[in-house]
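A.B. asks: Below are the chains, spelled out letter by letter.
Number of protein chains: 2
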Amino acid sequence: MKIIPCGSVQTIVAPDAYFTGRVLQTPIIEKEAPARLRATMVQFEPGARTAWHTHPFGQTLFVVSGAGRAQSWGEPVFEIKAGDVVSFAPGEKHWHGAGQSTVMAHIAMQEALDGKAADWLEKVTDEQYGG
Amino acid sequence: MKIIPCGSVQTIVAPDAYFTGRVLQTPIIEKEAPARLRATMVQFEPGARTAWHTHPFGQTLFVVSGAGRAQSWGEPVFEIKAGDVVSFAPGEKHWHGAGQSTVMAHIAMQEALDGKAADWLEKVTDEQYGG
Numbered sequence: 007m008k009i010i011p012c013g014s015v016q017t018i019v020a021p022d023a024y025f026t027g028r029v030l031q032t033p034i035i036e037k038e039a040p041a042r043l044r045a046t047m048v049q050f051e052p053g054a055r056t057a058w059h060t061h062p063f064g065q066t067l068f069v070v071s072g073a074g075r076a077q078s079w080g081e082p083v084f085e086i087k088a089g090d091v092v093s094f095a096p097g098e099k100h101w102h103g104a105g106q107s108t109v110m111a112h113i114a115m116q117e118a119l120d121g122k123a124a125d126w127l128e129k130v131t132d133e134q135y136g137g
Numbered sequence: 007m008k009i010i011p012c013g014s015v016q017t018i019v020a021p022d023a024y025f026t027g028r029v030l031q032t033p034i035i036e037k038e039a040p041a042r043l044r045a046t047m048v049q050f051e052p053g054a055r056t057a058w059h060t061h062p063f064g065q066t067l068f069v070v071s072g073a074g075r076a077q078s079w080g081e082p083v084f085e086i087k088a089g090d091v092v093s094f095a096p097g098e099k100h101w102h103g104a105g106q107s108t109v110m111a112h113i114a115m116q117e118a119l120d121g122k123a124a125d126w127l128e129k130v131t132d133e134q135y136g137g
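Quick mapping for you: the protein sequence lines, in order, are chains A and B.
All residue numbers for the first sequence refer to this note's numbering, where the first residue is 7 and numbers rise by one.
All residue numbers for the second sequence refer to this note's numbering, where the first residue is 7 and numbers rise by one.
Derived from the structure by calculation, the hints contain no laboratory data.
Heads up, a few of these hints could be off.
One copy or any two copies: either way a pair holds, since identical chains are not told apart in the list.
[To be verified] Distance condition first, Cα-Cα at most 20 Å in a straight line; then the derived DMTMM-like pairs of lysine to aspartate or glutamate:
| no. | residue 1 | residue 2 |
| --- | --- | --- |
| 1 | Lys99 | Glu81 |
| 2 | Lys8 | Glu36 |
| 3 | Lys99 | Glu38 |
Let the hints inform the model, and build the full structure from the sequences given.
C.D. replies: Next up, the structure:
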């Protein structure tokens, strides 16, 4: 059993290469093989969002607070709110982020394949973000 | 993309066969193969705890609120608090629950093997729970 005490893990600013706007990431867990789980607390400031991306085994978001947006390629932009769960299938191209004037925080849960849990694609344009 | 809106999933009382005391479970996600992730919000009333159990790919607990306890077989009982992350290895025999006079809620994340995410063992005695 390993206990990672609250406050002992550094929060980082998410890399500009894969995000638009200000996004803060606090790692929760990165399990060792044969387990696959990786989980991170992610906080998006208003207007901030991920780039388009996919996950080898899909992804689950548990929205902890605030209201934001998410979209899968070819589908409309949907609003997501505190307490909602958002599930993406393996390989499903998508993005998620804050609302235009509201923060959004979620726990992101995904599974790594050969040590890689996401494949990053192009950024979400303002037009795409606006829906 | 599937959105499961907050409030749309029924909370259940955890089965007496695998838990001691009053425990409430609200499912978050159960991914379909080839993904493995299963996550549940679990709320333990004071004194309540799981039975001893193992998970094929281990387990991660994110403590959302309150203060509780966790123990691995052969190790001391440790206190766990809001914001802590607790990680168990594949096959590690353990239990987790509330404090003697405090509630504890956590998100439990585990991975299923052949559709099974836990193997349940004997209950945690009052002597074991007391540490």
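A.B. asks: Give a verdict on every hint.
C.D. replies: Now the hints, each set against the structure:
1. For the identical chains of this complex, Lys99 and Glu81 are intra-copy neighbours only, at 10 Å inside a copy versus 44 Å across copies, given an alpha-carbon limit of 20 Å.
2. In this assembly of identical chains, the alpha carbons of Lys8 and Glu36 lie at most 20 Å apart only when taken from the same copy (12 Å versus 24 Å across copies).
3. Proximity of Lys99 and Glu38 under a CA criterion of 20 Å is satisfied inter-copy only: 18 Å between copies versus 26 Å inside one chain copy.
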